[in-house]
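Undergrad: Sequence:
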Amino acid sequence: MSPDKNELQAINTAWQIAIQEILRMVIRDMYHGSGEEAFKTHIKRIEEAAVDSIRTDLRLRGTDEWTEVLVKERASNFVTTLLTSFTYDRA
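Using our numbering, read the sequence shown as starting at 2 and increasing by one per residue.
Treat the hints loosely; a few may be bogus.
Lysine to aspartate or glutamate pairs mimicking EDC-like chemistry, simulated, CA-CA at most 16 Å apart [to be verified]:
1) K73 - D53
2) K73 - E49
3) K41 - D90
4) K41 - D58
5) K73 - D90
6) K73 - D58
Treat the hints as calculated values from the structure; they're not laboratory data. Only a predicted model underlies this, so the values are computations on that prediction, with no experimental measurement involved.
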């Protein structure tokens with residue numbers, strides 16, 4: 002029996018929150034010490050590299066071109082949304 006739509010949505014949301022919090026802590030720990038401007042520069046560099054990698058290197062075997070383009074677009078949007086949500090915490 003396959004999970005129902007609500008369960009799949011809950012799993013997806015939980016996964017996104019977990020990944021976001023892990024990345025937030027890793028990025029904060031890695032880049033916080035250099036100051037706010039350096040932090041923002043690192044975030045932008047990570048975003049650009051991730052989106053570029055998704056668009057050029059992601060190969061989805063067994064999918065049609067439309068599906069591949071859609072997945073790349075959504076993954077790129079997710080990266081941008083996630084990374085631009087990170088703020089420099091002065092505390």
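Undergrad: Evaluate each hint against the coordinates.
TA: Right, here's what the structure says about each hint:
Of the supplied pair hints, the one linking K73 and D53 holds, its CA atoms being roughly 10 Å apart against a limit of 16 Å. Of the supplied pair hints, the one linking K73 and E49 holds, its CA atoms being roughly 14 Å apart against a limit of 16 Å. Straight-line distance between C-alpha atoms of K41 and D90 comes to about 11 Å, which keeps the hinted pair within the 16 Å bound. Annotation: proposed proximity of K41 to D58 is violated, straight-line Cα distance about 25 Å (limit 16 Å).
Taking the CA atoms of K73 and D90, the gap is near 31 Å; set against the 16 Å cutoff, the hint is violated. Simply put, K73 and D58 have alpha-carbon atoms about 10 Å apart, close enough for the 16 Å limit, and the pair holds.
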